[in-house]
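Chemist: What follows is the residue order along each chain.
2 protein chains.
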Amino acid sequence: MKLIGIGVGPGDFELLTLKAVKEIEGAAYIFIPESKGKSIAYEIAKPILKNRQNIVFLDIPMGCSRDVYRSCAQRIMEVSRDKTSVFLTLGDPNVYSTFTYTAEEIKKMGGEAYTISGIPSFIAASSAIGVPLLKKGEKMIVCDSVEGLSLENIDTVVVLKTVDKEKILDFFEERGFKYFYIRRCTQKDELILTNRQEILMDTDYLSMIVARRR
Amino acid sequence: MKLIGIGVGPGDFELLTLKAVKEIEGAAYIFIPESKGKSIAYEIAKPILKNRQNIVFLDIPMGCSRDVYRSCAQRIMEVSRDKTSVFLTLGDPNVYSTFTYTAEEIKKMGGEAYTISGIPSFIAASSAIGVPLLKKGEKMIVCDSVEGLSLENIDTVVVLKTVDKEKILDFFEERGFKYFYIRRCTQKDELILTNRQEILMDTDYLSMIVARRR
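First to last, the protein sequences are chains A and B.
The first sequence begins at 1 in full-length UniProt numbering and counts up one residue at a time.
The second sequence begins at 1 in full-length UniProt numbering and counts up one residue at a time.
Zero decoy hints are in this set.
In silico contact screen, one side only, chain A against chain B (beta carbon under 7 angstroms); selected entries:
#	residue
1	L15
2	T17
3	L18
4	D92
5	Y96
6	T100
7	S117
8	I119
9	S127
10	P132
11	L134
12	K135
13	M140
14	I141
15	N153
Hints listed in this document are in silico derivations from the structure and should not be mistaken for laboratory results.
The C-beta atom is built at its ideal place from N, Cα and C for all residues, glycine as well.
Generate coordinates for the entire structure from the input sequences, incorporating the hints supplied.
Modeler: Below is the structure:
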């Protein structure tokens with residue numbers, strides 16, 4: 001059994017790679033994680049998923065336990081058998097992805113797991129705000145929390161989880177970094193904010209902050 | 001005049017996005033940087049560049065001065081006039097890209113410049129070595145030199161320039177990180193090494209090191 005984790009990118013269908021489209025089209029089964037009956041990965045890849053009979057949704061709630069990944073892996077192994085199947089995931093499958101944990105369980109069960117790169121949301125965000133992430137000689141940090149972060153010699157910081165926005169904005173203001181808040185990058189309801197009060201008022205799971213040294 | 005910087009990814013043609021292909025196909029002119037008469041971006045995008053009459057090569061040597069970008073921008077403005085053209089670049093146009101400097105000059109001259117994301121080489125490298133870059137709660141640094149780098153609370157480091165390999169490997173060994181050397185990721189002559197002596201013997205501009213905390 002071979003499972004390929006495919007990054008479908010941040011939101012715009014056209015940010016899928018040619019390879020992603022090819023593998024999805026040729027897959028025995030298409031496994032798609034959903035939470036509370038919703039799946040953004042499905043919504044993104046919809047143009048090539050319509051009329052497909054071989055889609056299997058997997059219930060993977062946010063912040064779930066290792067048991068959930070184990071039972072998902074079990075189901076994937078049972079359904080896919082000796083075939084090659086794909087597992088769709090937002091952004092890239094190697095950056096804060098549920099695929100990582102599913103793949104670990106698949107391998108423990110004797111299956112094979114690989115990945116096909118997708119455009120990570122922070123890469124798309126850089127295009128959206130029109131600000132480069134890295135110029136010659138610069139350094140960047142990608143994280144999901146500013147806890148314990150040292151910004152010595154760092155020029156760009158991407159924070160991919162914005163639950164504690166006030167703390168994050170304070171952190172960057174104290175260190176003289178300017179920041180951009182990007183909600184649902186490349187999706188229909190994309191929103192870019194730079195004003196502190198407006199940022200604090202917005203709440204959306206799919207948002208990130210990109211900060212640059214002034 | 002509108003110039004779109006398009007990331008053609010790390011090497012495999014199939015890692016171009018659908019959007020990149022669409023924009024290249026519709027462009028008035030396709031500007032492609034070359035150095036010493038060679039262009040990797042051209043080689044990658046070749047399957048859709050064959051028989052195109054509107055390709056303009058720009059001589060942009062490695063480590064060139066601001067003057068070179070300025071004269072390239074001038075040429076692009078003159079050739080493209082009021083049309084929308086594209087500029088092809090390796091990986092993503094916002095990560096250590098010559099496009100960043102060209103775009104700055106284009107804007108100074110009154111033109112518009114945007115980017116379309118491409119798969120960065122370090123994202124593709126993660127798929128190639130089968131090791132995730134970021135798991136929940138982890139932090140990553142992307143840099144082109146380990147000079148002045150603090151690894152406190154850092155789990156992954158990507159070094160996108162490997163001129164001083166001995167120094168880089170020492171740096172990671174002293175800090176207990178394991179490392180992977182990836183040459184020409186996703187290209188025909190891709191090579192992945194983990195042995196120090198073998199890494200030191202290889203020399204290639206298009207190589208990187210991905211290090212993970214043990």
